[in-house]
Structures are given as C-alpha cells and as structure tokens.
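Peer 1: Read off the chains here:
2 protein chains.
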Amino acid sequence: MAPSGSFPAGEEDVRIVLAHGGGGELTKALVERHILPRLSNPLLTPLTDAAVLPDPGGPVCFSTDSFVVQPLEFPGGDIGRLAVCGTVNDVAVMGADVLGLSLALVLEEGLPLATLDRILDSVAAACCEAGVPVVTGDTKVVERRRGDGMILTTAGVGRRRKGVELAPGAIRAGDRILVSGGLAEHGLAVLSAREGLGFETDLRSDAAPLNGLIRALLDSGPGLRFLRDPTRGGLAGLLADVSEETGLGVEIEEEALPLSAAARGACEMLGLDPLAVANEGKLVAVAAPEAASRLLAACRAHPLGSRAALVGVFTGADRPLVELLTRSGGRRIVQRPYGEDLPRIC
Amino acid sequence: MAPSGSFPAGEEDVRIVLAHGGGGELTKALVERHILPRLSNPLLTPLTDAAVLPDPGGPVCFSTDSFVVQPLEFPGGDIGRLAVCGTVNDVAVMGADVLGLSLALVLEEGLPLATLDRILDSVAAACCEAGVPVVTGDTKVVERRRGDGMILTTAGVGRRRKGVELAPGAIRAGDRILVSGGLAEHGLAVLSAREGLGFETDLRSDAAPLNGLIRALLDSGPGLRFLRDPTRGGLAGLLADVSEETGLGVEIEEEALPLSAAARGACEMLGLDPLAVANEGKLVAVAAPEAASRLLAACRAHPLGSRAALVGVFTGADRPLVELLTRSGGRRIVQRPYGEDLPRIC
Chain U
1 MAPSGSFPAG
11 EEDVRIVLAH
21 GGGGELTKAL
31 VERHILPRLS
41 NPLLTPLTDA
51 AVLPDPGGPV
61 CFSTDSFVVQ
71 PLEFPGGDIG
81 RLAVCGTVND
91 VAVMGADVLG
101 LSLALVLEEG
111 LPLATLDRIL
121 DSVAAACCEA
131 GVPVVTGDTK
141 VVERRRGDGM
151 ILTTAGVGRR
161 RKGVELAPGA
171 IRAGDRILVS
181 GGLAEHGLAV
191 LSAREGLGFE
201 TDLRSDAAPL
211 NGLIRALLDS
221 GPGLRFLRDP
231 TRGGLAGLLA
241 DVSEETGLGV
251 EIEEEALPLS
261 AAARGACEML
271 GLDPLAVANE
281 GKLVAVAAPE
291 AASRLLAACR
301 AHPLGSRAAL
311 VGVFTGADRP
321 LVELLTRSGG
331 RRIVQRPYGE
341 DLPRIC
Chain W
1 MAPSGSFPAG
11 EEDVRIVLAH
21 GGGGELTKAL
31 VERHILPRLS
41 NPLLTPLTDA
51 AVLPDPGGPV
61 CFSTDSFVVQ
71 PLEFPGGDIG
81 RLAVCGTVND
91 VAVMGADVLG
101 LSLALVLEEG
111 LPLATLDRIL
121 DSVAAACCEA
131 GVPVVTGDTK
141 VVERRRGDGM
151 ILTTAGVGRR
161 RKGVELAPGA
171 IRAGDRILVS
181 GGLAEHGLAV
191 LSAREGLGFE
201 TDLRSDAAPL
211 NGLIRALLDS
221 GPGLRFLRDP
231 TRGGLAGLLA
241 DVSEETGLGV
251 EIEEEALPLS
261 AAARGACEML
271 GLDPLAVANE
281 GKLVAVAAPE
291 AASRLLAACR
301 AHPLGSRAAL
311 VGVFTGADRP
321 LVELLTRSGG
331 RRIVQRPYGE
341 DLPRIC
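For the record, the sequence lines run as chains U and W. Numbering-wise (the numbering used here), the first sequence opens with residue 1 and increments by one. Numbering-wise (the numbering used here), the second sequence opens with residue 1 and increments by one.
This is chain U alone, in the form it adopts within the complex (with noise of 0.2 Å):
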C-alpha cells in the first residue's frame, strides 16, 4: 500500500534496482514520479545541473551534514525528516534566512519503493514546515549490503541577516546561557526503535526546524551572542566545543536542565549521560546578561520553546573548564563525549 496514493498500477511491490541509478531511463522514472511530486517546486523542477537562487543580497551561510541514522524510521521522525531539520539548523544558527537546501539520495539495492516514498513524503512535510525549499539534488543506487537502506546528505544556502554576526568569540565572561527544552530525547527516541536495544518508552525524536524559533529570537532584539544546535555529542560536546573556543569556563546547573522524567528515566536505564546525548530539535543560545530574560521569554512564547531555561552562565578565563553543579551540590566536570555512546542516531 502507498501511503501517499501515488503509486502507478504495479509498482506496489517495486524494489529499487541499480539501475534506479545509473542515469537513464530507469532514474528518470523514479525522479519525475516519485521524487518531483512530492518536491517539486519552481527552483527545483527545472532540473537544470545547478539550481539557481535568487541574489541573495548579502553573505551567503552554506552547511552541509550526512545522516546515516538506523532504523530509518523511529518514534517521532524519520531520516529525511532528520536531514532537513539538521541542515536547516546549520544554517539559521548562523544567524541566517534558510534559502534552499540540496538533497542528494544513495540508495541500497533492494530498498523497498514504498519505504522511499514514506521518507520523500516526510522530507516534503518538513521542508513545508521549515519553509524552505529542495532546490536541487541526486540519485545514486550501491549494491545490496547490510539493508542499511538509504543514506541522505543534505547541504543549505542561506542568506545571513545584516548586522548579525554570531561567533564564540562574541562570548564574554557572565554571559547566560538558554536551553530552548528537553534534552535527549531524539537519540533515546531512536535507540528505543532499535532492534536488540528496543525498550518501552513514550519518548519521540525532537527533530524539528529551528528556524522560526532563531527568527524569533533574532526579532526581539540585540543581545544573542552565539547559537548552536547541540547534535552528535549533546550538551556536553558543545559546551565543551565553546567552552574550548572561548577559552572561558562554564558552569551549568544540574537543576535547571530541562529533561523530561522520561528522558531521565531511560538515561538511567541505560547508563547514559542525558548532557552527551544528542538532540535534533533543541537550540543553545548565549545571551548577553541583560538580555537572557527576554530572550529566555521569547523563546517560551514559540511552540518549539515552551520548555526553555536558563541552565548556566559563562565564567572567567581563569577556569576553561565545563562544570555541572550537581542537584547534590557537588562539582563535576563536564568532558566531550571520547566517541560513540549511540551509533548512527543521525
């Protein structure tokens, strides 16, 4: 069964073959019935070998990110869903206006049409919801492996807002620092849907386009300094990524973290740090001290806000190290996660 309805007579059961890639007609086939419908748009649907997007009228943010997340589809979300938030965050976290995005397929042999058209129909939903379009992209198909499925690699252009400049080393000392909700819950959203690692929990993935929330925040007035969404390696590998880049030390509060009793009971389950988990719909912003209450009640008043605190503040040069102060009153260093606590969960 299609979801989406859009399945020609006989193409139900239809698996993608090498051939879907090659280029001929097997790939225009699948790219003006299965991939145009769900996309299409007037940047997009020319298929010209480059997209061509409006003067931008100032510099120009340009990311990009590969998601090899397993299962392809979890609680919560989806790997393309994945892929246009991840990239979409990238940019807008520079203080940008998100002007198109790239999507670029590898497909395994084998992988069921039906499945590739679930994944289309949610990157379609996510770009609706981002307001950002897929400008341009490619198809590759590799030979049957480990049923791995797809692989999507996303890139985005975007267009940074006159007068921003969001840096670490716009960062000083007393410096506050906000987290726009809960954190964890994508990677353990994930791990929950994981074969052999199942485990029963109402958690879903964040994963969420964190534009609307940045333009908002930007709209209310001076005083952001830094944003960044904290992706592989939690909380704790961007504090320490900052804290590293400041040369400034952090002190956070274990308290004021937001973290659902969910996300704080499989975290305990499953002997995992919540602050090294990764996330996929949460910002971290670095407020200037008078402006982190406003800030602070700008993003609340966003949907994708509502759970956000003050969690720390940035503390001298004399100290560069990351601390929790612990619910107990006790100190406990926070260090970058050394590798892979949960493989592919992005």
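Because the hints were derived from the structure by calculation, they are not lab data. All figures in this text were calculated on a predicted structure; none of them were measured in a lab. Every residue gets a Cβ at the ideal spot worked out from N, C-alpha and C, and that includes glycine. Some hints here could point you the wrong way.
To be verified - Distance windows between CB atoms, simulated:
#1 U:Glu245 / W:Gly265: 19 to 27 Å
#2 W:Tyr338 / U:Leu270: 47 to 55 Å
#3 W:Gly265 / U:Pro75: 32 to 40 Å
#4 W:Glu290 / U:Leu36: 56 to 64 Å
To be verified - Partial pick of chain W residues on the chain U-facing surface, computed with a CB cut under 7 Å:
#5 Leu53
#6 Val93
#7 Glu129
#8 Gly131
#9 Ala170
#10 Arg336
On the provided structure of chain U, position chain W as indicated by the hints.
Peer 2: Relative to the frame of chain U, chain W by itself:
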C-alpha cells in the same frame, strides 16, 4: 607509509572506527589531524556550523552530487578528485563562477586512515586545480559492510555571471554541438581497475574541473546557448535529455566524434557504446551557428579542450530524435541508456 608524511607516530596502521564519526574526541582528532591540514582555508577553518561566503552580488547557483565509485582509486583519479570535479562542473555549466564546495564524508568502519589521507590529498589537489575551496563539511562513519570504503557528497555554490543565461530554452534549430575532447575515458578507466573486469589499457579517467575552460568560452564572446557535462548516461543521455527539453531533433556525425583508439578498442572489447559511457572532464557546448568556429578555437586553445570538435547540429522540431550519421552513411537513433551499463563509476 603515509604519502603525505603527516601521520602522528603510531597512526600508520590505524583504521576508521565508529567513534571517528560520533562527534566526540575522536571525530575532533580526525578533523584536526587529517582533514584540516589538507583542506584548510580562511572560510573552512573557523569550523562554524555553516561557512560564511562573501555577498555574491548576483543569483546563486547551487548543486549537489554523491559519489559511490568502485574502486575508490583508478587510473587518472579517485573518488576525491571525482567529487570535486563533478560538483565544480555542475555549477560551472550554469555559467557561474564557483565560490565554494561542501564535502560530506561517509566512511566505512575499517577503512585504512592512509587511504582516507590519500583521497583527502586528492580532494585538496583538485580544489587547487579548480581554484575552489572546500568551505564546510561533515564526517560520519557507518558499520563495516562490504568494503565500499567511503561515499562522498559534495555541494557547490557559485555566482552566475551577469547577463549569462545558459538553458535548453535558448537553443534554436541550426545551433551547433561542440564536444571538448575524447569520449568515454572515465567510465572505461574505472572499469579497467575493477576486480574481475580488469583489462589492460592506457586509458585514464578524464576527471577534471571544467570551470577554467568554461570561463575561456564565456570570455571569448557571445553565442553560447547551453553547456552540460556528459557524465552518467554519457553523450547519448545528455542529447536525449536536451532533445526532449527543447523538442528539437539532433544529428551527430560518428566520423566527427572525438574518440581515442584506446577508447574505441576498449568499447569494442566490452561491447559498450562509447556514446553511453560516462565522462567526468568533458564539456558539451551548444553554439549559435555564427559563433561555433570561434568557440571551437577558444576551446582548443585551452589545455582541457585541445581535442575539441564540432560533432553535430540541432535540426527542426518535426523530428525530435537524436540520430547518429554513421561512418558507413547510415542513420541510427540514439536512445537514453535504459539503466546501468556501468554501475558505480561516478
């Protein structure tokens, strides 16, 4: 042995592990020791979420391609050179100056670090040749599978030249078709290196960045209607597409097609149509009749166009087919290749 001599002591035998893609310390070490030393430039090196390119001052051309070639290294090139040239060329054929590339690496667990280093050296060399930097990137690692080694995805951003609008819609009956050099060399070189299919040949991949050659054509004066590089699907696929997009017929002369004796011999041996084999450093240009000989001369004056030839003409709309006028005086209809004569060659 590290060809670039940049292995820290003890890393000679290192292979990629999942943690190299986890976003933690090992990812950071991979980026800082192996990627940045080769690709470093002022736009990439800040390693922000997105690169910031200067205001292009005009429409932006944007394209992407994934590369899944097997084997990773072949006579005349490797997957790294291919990934740079393929995307540079897709942006440049729009009549654009290429401003920057993204590079997303998906590495297979078990890949020797020395292989990765050689491919990155090749990416760097191709970027240098094209005069285009890698400005943003991503690294992921997938579980060991069948030894594919790596998949690269590049995207490219360019500034379209003022007043230049190359498109199939600009093509008129009577326009001439120029090919910049010998056909089929990339596909045949990759096949010659493939286990099981190996054959003796002096053929080398033609993979090359065409932005310099394209600049030379644009600088030579008006009359250029359309540019495209005949990659997957070869010249046959390209002409079938353009005939369909314009509704015009095409006649090409077998006698005029640039085809080396080695390529002709290899195609005969393998039973392949040289028109359907992929190229990665050849250009097809459509020229107004009065500009054809000037554009041919401009092409021949460039090192990558010395074997250029005028090979055919667009005929009227009454017979929208691609036809080959054979050496023996016959006519054969040239069709878009159906599927995958040559899997995974780009």
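Peer 1: For every hint, state whether the structure bears it out.
Peer 2: Checked hints:
Checked against the given bound of 19 to 27 Å, the beta carbons of U:Glu245 and W:Gly265, roughly 57 Å apart, lie outside it. Taken as a hint, the range 47 to 55 Å holds for the pair W:Tyr338 and U:Leu270, whose Cβ atoms sit roughly 49 Å apart. Evaluation of the 32 to 40 Å hint for W:Gly265 and U:Pro75 yields a failure: the beta carbon distance comes to about 57 Å. For W:Glu290 paired with U:Leu36, a C-beta distance near 37 Å fails the hint of 56 to 64 Å.
A hinted interface residue such as W:Leu53 counts as satisfied when its beta carbon comes closer than 7 Å to some beta carbon of chain U; here the least separation is about 4 Å, so the hint holds. Checking W:Val93 against chain U by beta carbon gives a least distance of about 5 Å; that is within 7 Å, so the hint holds. For W:Glu129, the suggested interface contact is broken, since its CB lies about 20 Å from the closest CB of chain U, more than 7 Å. Among the interface hints, the one on W:Gly131 is violated; its C-beta lies about 17 Å from the nearest C-beta in chain U, farther than the 7 Å criterion.
Annotation: interface hint on W:Ala170 violated; nearest CB of chain U at approximately 12 Å, more than 7 Å. The criterion of a C-beta within 7 Å of any C-beta in chain U is met by W:Arg336, whose closest approach is roughly 6 Å, and the hint holds.
This entry does not satisfy hints 1, 3, 4, 7, 8 and 9, going by the numbered hints stated previously.
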